[in-house]
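Colleague: Take a look at the letters that make up each chain.
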Amino acid sequence: MNESELKVYCLEHAGETLPPEAQALLQRDPALQADVARLVAVRNLISLKRYEQPADIAMERCLRAVSQQIRQEPEGWVSRLRTWFTIEHPALAYSTAALALVAVTALVFPRSPATAPLAALDENAPAEVLPEPVLLAVEESDVADIAPTIAAAEAAFPNFDKPIIFLRSESTNLQPSVPRMQIGPGQVVPVNFEY
Amino acid sequence: MTQREPTPPDQAEDASDRELVARAQQRDAAAYDELVRRYYKRIYALLYNMTSNKEDAEDLIQDVFVKAYDALQRFKGDSSFYTWVYRIAVNRAINYVKRRNKRAGLSLDDMDGGVERDKAYVELSSKESPFRDATLSELQEKLNEALQKLSDKHRAVVVLHDIQGVPHEEISKMLGVSSGTVRSRLFYARQLLQSELAEYAP
Chain A
1 MNESELKVYC LEHAGETLPP EAQALLQRDP ALQADVARLV AVRNLISLKR
51 YEQPADIAME RCLRAVSQQI RQEPEGWVSR LRTWFTIEHP ALAYSTAALA
101 LVAVTALVFP RSPATAPLAA LDENAPAEVL PEPVLLAVEE SDVADIAPTI
151 AAAEAAFPNF DKPIIFLRSE STNLQPSVPR MQIGPGQVVP VNFEY
Chain B
196 MTQREPTPPD QAEDASDREL VARAQQRDAA AYDELVRRYY KRIYALLYNM
246 TSNKEDAEDL IQDVFVKAYD ALQRFKGDSS FYTWVYRIAV NRAINYVKRR
296 NKRAGLSLDD MDGGVERDKA YVELSSKESP FRDATLSELQ EKLNEALQKL
346 SDKHRAVVVL HDIQGVPHEE ISKMLGVSSG TVRSRLFYAR QLLQSELAEY
396 AP
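Order-wise, the sequence lines are chains A and B. Residues 1 to 195 (the numbering used here) make up the first sequence, in order. Residues 196 to 397 (the numbering used here) make up the second sequence, in order.
Be aware that a few hints might be false.
Stated by the list, open to error - Taking lysine to any residue pairs in the SDA-like style, the calculated list, with each CA pair at most 25 Å apart, reads:
1. LYS337/B / ALA98/A
2. LYS262/B / ALA55/A
3. LYS348/B / LEU370/B
4. LYS344/B / GLU12/A
5. LYS337/B / ARG43/A
6. LYS293/B / VAL40/A
7. LYS236/B / GLN69/A
8. LYS337/B / VAL40/A
9. LYS262/B / LEU92/A
10. LYS348/B / VAL8/A
11. LYS348/B / LEU11/A
12. LYS271/B / HIS13/A
13. LYS337/B / GLU364/B
14. LYS368/B / GLN69/A
15. LYS368/B / SER67/A
16. LYS236/B / ASP265/B
17. LYS348/B / GLU364/B
As the list claims (entries may be wrong) - Simulated coverage check for chain A against chain B, where a stretch passes if three residues somewhere in it have a Cβ under 8 Å from a Cβ of chain B:
18. 38-52
19. 98-104
Unchecked claim - Here are some chain B residues pointing at chain A (derived, C-beta under 8 Å):
20. ILE256
21. TYR291
22. ILE358
23. PRO362
24. GLN389
The hints are simulated quantities; they were obtained by calculation from the structure and are not laboratory data. What you are looking at is a predicted structure, and each value in this text was computed from that prediction instead of being measured. Idealized CB from N, CA, C, for every residue including glycine.
Work the whole structure out from these sequences, hints included.
Modeller: Here it is in structure tokens:
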């Protein structure tokens with residue numbers, strides 16, 4: 001080893017027993033001695049590093065958890081695949097799980113009737129006829145009663161260019177399960193009545 | 196003087212490990228439990244010093260032992276079980292630290308006791324230096340911070356060699372690098388730590 005290599009050797013072996021040639025170099029080089037002394041001091045300082053004690057029951061908890069997992073662990077490719085997924089590629093595992101969840105949700109919960117489009121309604125189905133006649137005209141005496149409703153509707157639809165028809169029917173306490181209203185031949189629309 | 200912990204196993208322990216490993220490879224769960232008990236503290240200390248966080252170390256250690264069990268069938272006994280399981284633990288800790296967000300939280304009350312009687316500690320604290328006035332808690336906090344500033348591979352060699360007392364040759368097997376690389380990493384890491392800890396080790 002040349003002198004430069006010997007210096008590196010002394011530094012990398014700081015605090016250890018050195019061969020004679022390295023010791024000789026160290027003795028005649030005060031700067032190297034100081035460097036080595038500093039490295040030894042750092043090593044001594046680091047050796048004082050301690051760790052926080054685990055919780056008293058931590059080891060038993062760990063044993064239980066490990067035991068549980070290894071006893072459940074099926075052998076063969078399933079086990080290896082699981083390890084590969086959960087330990088080596090957790091991000092891929094999460095993505096796959098999310099995708100599976102979406103697929104299952106789509107299969108198990110198809111669109112509910114509430115979200116189905118109106119076109120899904122059978123237009124040929126006979127409309128459920130309301131037991132009370134629908135009043136298509138407002139009598140003069142009722143104008144005052146429905147005035148607040150008209151004002152609210154106009155405020156809600158200021159630019160609505162079609163007539164808004166107000167229907168009023170006396171309550172019969174007979175609430176049709178699927179309320180519909182027929183306007184003209186063949187036109188059936190769902191409606192919502194509030195009693 | 197505080198016993199440095201953990202220390203590598205002796206020959207008798209190693210032979211006993213081999214027997215337990217052989218039984219565990221035959222799916223003897225009790226034998227594996229014994230191996231877990233035997234290495235729990237050592238692996239925990241390694242993981243703690245790699246992560247500087249108690250909760251992380253406790254979570255990670257389960258993962259290490261489960262993974263080791265999964266891989267046990269592939270363990271051929273070329274090295275000791277201790278070297279092999281340490282290798283798994285170091286790799287898991289490095290991967291984990293890369294992924295996690297740094298968590299603070301050092302419960303100094305739980306710190307391993309007895310360091311006040313450590314020869315190095317007594318010598319350092321008796322010198323005329325700023326270290327004399329530093330409390331043990333401050334020192335531990337400072338050491339934790341300094342270690343976390345090292346890269347994973349440099350922290351690994353410092354923890355294994357300077358804190359856990361693992362010989363260079365064993366570290367080289369654990370990390371899959373040459374002994375010379377271990378020494379040069381150690382030298383580089385100590386230089387960095389020297390600047391970080393200048394007030395304690397001028």
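Colleague: A separate judgement is required for each hint: does it hold in the structure or not?
Modeller: Results for each hint:
Between LYS337/B and ALA98/A the CA atoms are separated by roughly 42 Å; this puts the pair beyond 25 Å, and the hint is violated. Our distance criterion of 25 Å between C-alpha atoms is met by LYS262/B and ALA55/A, whose separation comes to about 22 Å. Pair hint LYS348/B plus LEU370/B holds up; C-alpha atoms about 9 Å apart against a cutoff of 25 Å. Simply put, LYS344/B and GLU12/A have alpha-carbon atoms about 21 Å apart, close enough for the 25 Å limit, and the pair holds.
For the proposed pair LYS337/B and ARG43/A, the alpha carbon gap of about 14 Å is at most 25 Å, so the pair holds. Between LYS293/B and VAL40/A the alpha-carbon distance is near 30 Å, which puts this suggested pair outside the 25 Å criterion. Using a Cα cut-off of 25 Å, the hinted pair LYS236/B and GLN69/A holds, with the two alpha carbons roughly 20 Å apart. The suggested pairing of LYS337/B with VAL40/A holds, with an alpha-carbon distance near 18 Å, which does not exceed 25 Å.
At most 25 Å may separate the alpha-carbon atoms for a hinted pair to count; LYS262/B and LEU92/A meet this at roughly 18 Å. Only pairs whose Cα atoms come within 25 Å are accepted, and LYS348/B paired with VAL8/A is accepted, the gap being roughly 20 Å. A hinted pair counts as satisfied when its Cα atoms are at most 25 Å apart, and LYS348/B with LEU11/A qualifies at roughly 19 Å. Our distance criterion of 25 Å between C-alpha atoms is broken by LYS271/B and HIS13/A, whose separation comes to about 33 Å.
For a cut-off of 25 Å, the pair hint linking LYS337/B to GLU364/B is broken: about 29 Å separates their Cα positions. Between the alpha carbons of LYS368/B and GLN69/A the distance comes to roughly 29 Å, so the proposed pair goes past 25 Å and is violated. The straight-line distance between the Cα atoms of LYS368/B and SER67/A is roughly 28 Å, outside the 25 Å bound, and the hint therefore fails. Restraint check for LYS236/B and ASP265/B: the C-alpha separation of about 21 Å stays at or below 25 Å, so the hint holds.
Restraint check for LYS348/B and GLU364/B: the C-alpha separation of about 16 Å stays at or below 25 Å, so the hint holds. With a cut-off of 8 Å between beta carbons, the stretch 38-52 of chain A has 14 residues touching chain B; three or more are needed, and the interface restraint holds. A count of 0 residues in the stretch 98-104 of chain A with a Cβ less than 8 Å from any Cβ of chain B is obtained; the coverage claim is therefore unmet, three being the minimum. With a least beta-carbon distance of about 6 Å to chain A, the hint placing ILE256/B at the interface is held under the 8 Å criterion.
At a threshold of 8 Å, the smallest CB-CB gap from TYR291/B to chain A is about 11 Å, leaving the interface hint violated. Taking 8 Å as the C-beta contact cut-off toward chain A, the hint placing ILE358/B at the interface holds, the least distance being around 5 Å. Annotation: PRO362/B was flagged as interfacial toward chain A, and the flag is violated, the nearest CB pair being 11 Å apart, outside 8 Å. Restraint check, GLN389/B versus chain A: the minimum CB separation of about 5 Å is within 8 Å; hint holds.
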